[in-house]
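Taken in sequence, the protein lines are chains A and B.
For the first sequence, the numbering used here assigns the number 111 to the initial residue and increments by one for each residue that follows.
For the second sequence, the numbering used here assigns the number 111 to the initial residue and increments by one for each residue that follows.
Some clues are possibly wrong.
Note that the list lumps identical chains together, so a pair holds whenever it fits in one copy or between two copies.
Unchecked claim - Taking lysine-lysine pairs in the PhoX-like style, the calculated list, with each CA pair at most 25 Å apart, reads:
1. Lys263 with Lys187
2. Lys176 with Lys187
3. Lys419 with Lys433
4. Lys537 with Lys505
5. Lys388 with Lys528
6. Lys323 with Lys437
7. Lys419 with Lys384
8. Lys511 with Lys263
9. Lys506 with Lys538
10. Lys506 with Lys341
11. Lys388 with Lys505
12. Lys187 with Lys538
13. Lys496 with Lys187
14. Lys361 with Lys507
15. Lys320 with Lys176
16. Lys506 with Lys361
17. Lys341 with Lys433
18. Lys263 with Lys505
19. Lys263 with Lys433
20. Lys433 with Lys506
21. Lys537 with Lys507
Hints listed in this document are in silico derivations from the structure and should not be mistaken for laboratory results.
2 protein chains.
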Amino acid sequence: MSTGVTLSSAPPRGMRDMLPEETALRDWATAQLVATYQRFGFARIETPALENIANLRGGEGGENLKLIFEVLKRGDKLDKALADRTVERDELADLGLRFDLTVPLVRFYAANQANLPNPFKAIQIGSVWRAESPQQGRYRQFTQCDIDTFGIKSEVVEMELIQATSEALMALDFRDFNVRLNDRRILIALAEHCGVPAGAFDNVFIQIDKLDKIGLSGVRQELLSNGHATKVVELLLSFLEGATTSKKSAKGFEASLPPNAPEEVVNALRNVLKAIEKVADGRYSICFDPTLVRGMGYYTGQIFEISAKGSAHSIAGGGRYDKMVGKMTGRDVPACGFSIGFERIISILAERSVQAPGVGERIALLFDAERDPLDEVMVQAKNLRKEHIVSLQPKKKEMRKQLDALMNGGYAAYSVFKPGQSGLEIKKLEQSS
Amino acid sequence: MSTGVTLSSAPPRGMRDMLPEETALRDWATAQLVATYQRFGFARIETPALENIANLRGGEGGENLKLIFEVLKRGDKLDKALADRTVERDELADLGLRFDLTVPLVRFYAANQANLPNPFKAIQIGSVWRAESPQQGRYRQFTQCDIDTFGIKSEVVEMELIQATSEALMALDFRDFNVRLNDRRILIALAEHCGVPAGAFDNVFIQIDKLDKIGLSGVRQELLSNGHATKVVELLLSFLEGATTSKKSAKGFEASLPPNAPEEVVNALRNVLKAIEKVADGRYSICFDPTLVRGMGYYTGQIFEISAKGSAHSIAGGGRYDKMVGKMTGRDVPACGFSIGFERIISILAERSVQAPGVGERIALLFDAERDPLDEVMVQAKNLRKEHIVSLQPKKKEMRKQLDALMNGGYAAYSVFKPGQSGLEIKKLEQSS
Numbered sequence: 111m112s113t114g115v116t117l118s119s120a121p122p123r124g125m126r127d128m129l130p131e132e133t134a135l136r137d138w139a140t141a142q143l144v145a146t147y148q149r150f151g152f153a154r155i156e157t158p159a160l161e162n163i164a165n166l167r168g169g170e171g172g173e174n175l176k177l178i179f180e181v182l183k184r185g186d187k188l189d190k191a192l193a194d195r196t197v198e199r200d201e202l203a204d205l206g207l208r209f210d211l212t213v214p215l216v217r218f219y220a221a222n223q224a225n226l227p228n229p230f231k232a233i234q235i236g237s238v239w240r241a242e243s244p245q246q247g248r249y250r251q252f253t254q255c256d257i258d259t260f261g262i263k264s265e266v267v268e269m270e271l272i273q274a275t276s277e278a279l280m281a282l283d284f285r286d287f288n289v290r291l292n293d294r295r296i297l298i299a300l301a302e303h304c305g306v307p308a309g310a311f312d313n314v315f316i317q318i319d320k321l322d323k324i325g326l327s328g329v330r331q332e333l334l335s336n337g338h339a340t341k342v343v344e345l346l347l348s349f350l351e352g353a354t355t356s357k358k359s360a361k362g363f364e365a366s367l368p369p370n371a372p373e374e375v376v377n378a379l380r381n382v383l384k385a386i387e388k389v390a391d392g393r394y395s396i397c398f399d400p401t402l403v404r405g406m407g408y409y410t411g412q413i414f415e416i417s418a419k420g421s422a423h424s425i426a427g428g429g430r431y432d433k434m435v436g437k438m439t440g441r442d443v444p445a446c447g448f449s450i451g452f453e454r455i456i457s458i459l460a461e462r463s464v465q466a467p468g469v470g471e472r473i474a475l476l477f478d479a480e481r482d483p484l485d486e487v488m489v490q491a492k493n494l495r496k497e498h499i500v501s502l503q504p505k506k507k508e509m510r511k512q513l514d515a516l517m518n519g520g521y522a523a524y525s526v527f528k529p530g531q532s533g534l535e536i537k538k539l540e541q542s543s
Numbered sequence: 111m112s113t114g115v116t117l118s119s120a121p122p123r124g125m126r127d128m129l130p131e132e133t134a135l136r137d138w139a140t141a142q143l144v145a146t147y148q149r150f151g152f153a154r155i156e157t158p159a160l161e162n163i164a165n166l167r168g169g170e171g172g173e174n175l176k177l178i179f180e181v182l183k184r185g186d187k188l189d190k191a192l193a194d195r196t197v198e199r200d201e202l203a204d205l206g207l208r209f210d211l212t213v214p215l216v217r218f219y220a221a222n223q224a225n226l227p228n229p230f231k232a233i234q235i236g237s238v239w240r241a242e243s244p245q246q247g248r249y250r251q252f253t254q255c256d257i258d259t260f261g262i263k264s265e266v267v268e269m270e271l272i273q274a275t276s277e278a279l280m281a282l283d284f285r286d287f288n289v290r291l292n293d294r295r296i297l298i299a300l301a302e303h304c305g306v307p308a309g310a311f312d313n314v315f316i317q318i319d320k321l322d323k324i325g326l327s328g329v330r331q332e333l334l335s336n337g338h339a340t341k342v343v344e345l346l347l348s349f350l351e352g353a354t355t356s357k358k359s360a361k362g363f364e365a366s367l368p369p370n371a372p373e374e375v376v377n378a379l380r381n382v383l384k385a386i387e388k389v390a391d392g393r394y395s396i397c398f399d400p401t402l403v404r405g406m407g408y409y410t411g412q413i414f415e416i417s418a419k420g421s422a423h424s425i426a427g428g429g430r431y432d433k434m435v436g437k438m439t440g441r442d443v444p445a446c447g448f449s450i451g452f453e454r455i456i457s458i459l460a461e462r463s464v465q466a467p468g469v470g471e472r473i474a475l476l477f478d479a480e481r482d483p484l485d486e487v488m489v490q491a492k493n494l495r496k497e498h499i500v501s502l503q504p505k506k507k508e509m510r511k512q513l514d515a516l517m518n519g520g521y522a523a524y525s526v527f528k529p530g531q532s533g534l535e536i537k538k539l540e541q542s543s
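Just chain A, with the same shape it has in the complex (with noise of 0.2 Å):
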């Protein structure tokens, strides 16, 4: 390494190394998630880190697209790109880090559509980069899960994948969940119903979506505040306020449809929300809500959500998005996707000390680096393989403290290695007092 020039041992800021104990965590998950979402026939694919830069500005994925880690171009083009003394900074990149899983997907399928079966059902578990402020919890490269099933119109899609995220869920022991379910075309229909004028629908969206935290008072203030008319602030309130008292479940949800709700939209819910209680039977649970948004503007249909029992974030989310390949393609195709939450997911099961299953017992052999003829010490290694982990160490002078750092390290015992010996003694290990 060149003179003078400092190096950081750290990550680089908002980023984290994963130590021994939480990578055994993340792949023992992965491995309970993906083999649940194989049994509902889901397949796992892989798309590239990195996007050609149009394909990542040009999406949907609104505040996401300020937060993107753009690549310099190389070479000539960069050179070409310096020279010009008027360089705009949009001119330096021509690839970027993805910021999700979607966009990338719906391009993989684009591109490779002739080769892939219908329905195409795809597992996505990978990691994405934003380049946010970091702040508790938030990291500028985090893992997404994510299912998502192209080419089926029908509702079953969505039961599908609702069942599959909440069976993964409780393959990773969580429990009394509830999913949350809404749709689209509701949400226009209530501000279609209530007045709002075409081009404010997001932003009353946009409000509705923090009623959770502000509670109705708070969403009033923000409406109003937004320059909403008070007719119409009134008319969605007494509407957001019969929602958030009435029945939820496929018996009586009706009660917080706005009138003019369109009728299969209706069926659709209430097939869903049927099927779902059936399945679930008692496990976990779900019910309408009229007042759920998700922030992505790509969603046409369902939008689901769930929450851990006892925690107001959302543990997984996802919904239909009928026009995105379209946009990519000039061809619509029905597609619609669930997310699981990883980090969070991850940072729960840490809190509650769950800790993957171990590989098996570790043993290891000590020797004595100087004097003991490796070979045999190599083959006496081999054969205590075939039942055990082993692992190879040179005798330390203070053996207890070897002994001690051995079981600390997580070893349930040793055995010293004796030349000339057919076999050897295992000794558990124990804390010395």
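Following the hints, position chain B against chain A.
Same frame as chain A, but now just chain B:
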């Protein structure tokens, strides 16, 4: 998406989408490798994909330093860099994508040493990025699979790494491969013995490294045209000639050594040859190869490579690098690693038509999306899923065509939902005649 923007559905140049079948093969191979390494006491860790750019540029990455994907600064920092009209390209980036897993591992070890066991034995499987001109089989994002041991000086580490990597390859059905072994200090002794001037060692090693490809006469020519003295070249050549024809196993490898080879280096080589011959037990072979060089400048001791049977390309490579941690922390730590060429392994497996073992029998449950009660469909699917992988699909008008598509999509059987029935008949899918 903005009007007029043409989005490309292709992944970025030199990068790939992984379809379900290839992903399944990669996941299976990964699981085999990890399970094997775990038996040797290695544990998986992860580092971020991005590193501070100074750490990447400051390393001993050789040619790879020219191939870094650099990430543009953001916000005020970028404004500041661009406002300066004499901006250098080096000042535009603050982060870069890792080009290997060794530089991040050394940083990881330096940062987390206090919380890691000693010895520390790491498995890393992850993507790395290099902006190479895309050629056949060379990708700009590819997977590396490394094991490394920190904290033990004894050559038992080399033995364990070679044995673990060989067992991992056998778990992927590689047979009869050959491990080639050398030591950087043998190369240095050879150069000294032949009278190569101190500053010209690396150039000589680079030419020797080409022996496989251009033969003895080619190496002679290269050495001469690189300005080495005829006398030096002839001495080197006579040694190389002897080395390529002499016996190379534990018994007799000394004939291939330069006369000034240090005794402890020779003893360690003998120990490794002897131990691996024993544990290999005829299933694979090991030989001393004094012409083995390996590209990276950071190696300080033994180096090794594995070639698949009938292939000139290596499928794994590694060596000892005892000085790299010290360059970051000021205190040297013994370190040794072995890396499997994951992409090469996967292409060889794909060429051999190896497929990942299936996850179970896949069954399609067909239903009428307009008329069937979807809650009953879901309950039936749930029952079937106790024993099968079940995917729901709306019935299509042309049943025969749909069944053929299911069979081509890897389904083993199907069932047609009938309302009110308690059990469903499962029918095997058979090719229509």
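Against the structure, the hints come out as follows:
Within a single copy, Lys263 and Lys187 get their C-alpha atoms no closer than 44 Å, and across copies no closer than 47 Å, so neither meets the 25 Å cut-off. Proximity of Lys176 and Lys187 under a CA criterion of 25 Å is satisfied in both settings, with 24 Å inside one chain copy and 15 Å between copies. In this assembly of identical chains, the alpha carbons of Lys419 and Lys433 never lie at most 25 Å apart, being 34 Å within a copy and 51 Å across copies at closest. Taking identical chains as interchangeable, the C-alpha atoms of Lys537 and Lys505 lie at most 25 Å apart only when both belong to the same chain, with a minimum of 15 Å there against 63 Å between chains.
In the homo-oligomer, the alpha carbons of Lys388 and Lys528 lie at most 25 Å apart only across protomers (18 Å), although the nearest pairing inside one protomer, at 64 Å, exceeds that limit. In this assembly of identical chains, Lys323 and Lys437 lie within 25 Å of each other by CA distance neither inside one copy nor across copies; the values are 34 Å within and 50 Å between. Taking identical chains as interchangeable, the C-alpha atoms of Lys419 and Lys384 lie at most 25 Å apart only when both belong to the same chain, with a minimum of 21 Å there against 60 Å between chains. Taking identical chains as interchangeable, the C-alpha atoms of Lys511 and Lys263 lie at most 25 Å apart only when they sit on different chains, with a minimum of 19 Å there against 65 Å within one chain.
For the identical chains of this complex, Lys506 and Lys538 are intra-copy neighbours only, at 18 Å inside a copy versus 63 Å across copies, given an alpha-carbon limit of 25 Å. Taking the shortest alpha-carbon separations for Lys506 and Lys341, neither the intra-copy value of 81 Å nor the inter-copy value of 49 Å comes in at or below 25 Å. Proximity of Lys388 to Lys505 under the C-alpha cut-off of 25 Å is restricted to the inter-copy arrangement: shortest distance 23 Å between copies versus 61 Å within a copy. Proximity of Lys187 and Lys538 under a CA criterion of 25 Å is satisfied in neither setting, with 63 Å inside one chain copy and 57 Å between copies.
Proximity of Lys496 to Lys187 under the C-alpha cut-off of 25 Å is found in neither arrangement, the shortest distances being 56 Å within a copy and 56 Å between copies. For the identical chains of this complex, Lys361 and Lys507 are neighbours neither inside a copy (74 Å) nor across copies (33 Å), given an alpha-carbon limit of 25 Å. When the C-alpha separation of Lys320 and Lys176 is checked against a cutoff of 25 Å, the pair qualifies only within one copy, where the shortest distance is 22 Å, while the shortest distance between copies is 48 Å. Taking identical chains as interchangeable, the C-alpha atoms of Lys506 and Lys361 are never at most 25 Å apart, the minima being 71 Å within one chain and 31 Å between chains.
For the homomeric pair Lys341 and Lys433, neither the shortest alpha-carbon distance inside one copy (33 Å) nor that between copies (74 Å) is at most 25 Å. With identical chains, the CA atoms of Lys263 and Lys505 are at most 25 Å apart between copies only, with a shortest distance of 12 Å across copies and 66 Å within one. In this assembly of identical chains, the alpha carbons of Lys263 and Lys433 lie at most 25 Å apart only when taken from the same copy (12 Å versus 60 Å across copies). Proximity of Lys433 to Lys506 under the C-alpha cut-off of 25 Å is restricted to the inter-copy arrangement: shortest distance 23 Å between copies versus 66 Å within a copy.
In the homo-oligomer, the alpha carbons of Lys537 and Lys507 lie at most 25 Å apart inside one protomer (19 Å), although the nearest pairing across protomers, at 69 Å, exceeds that limit.
Checked against the numbered hints given earlier, the structure breaks hints 1, 3, 6, 10, 12, 13, 14, 16 and 17 and satisfies all the rest.
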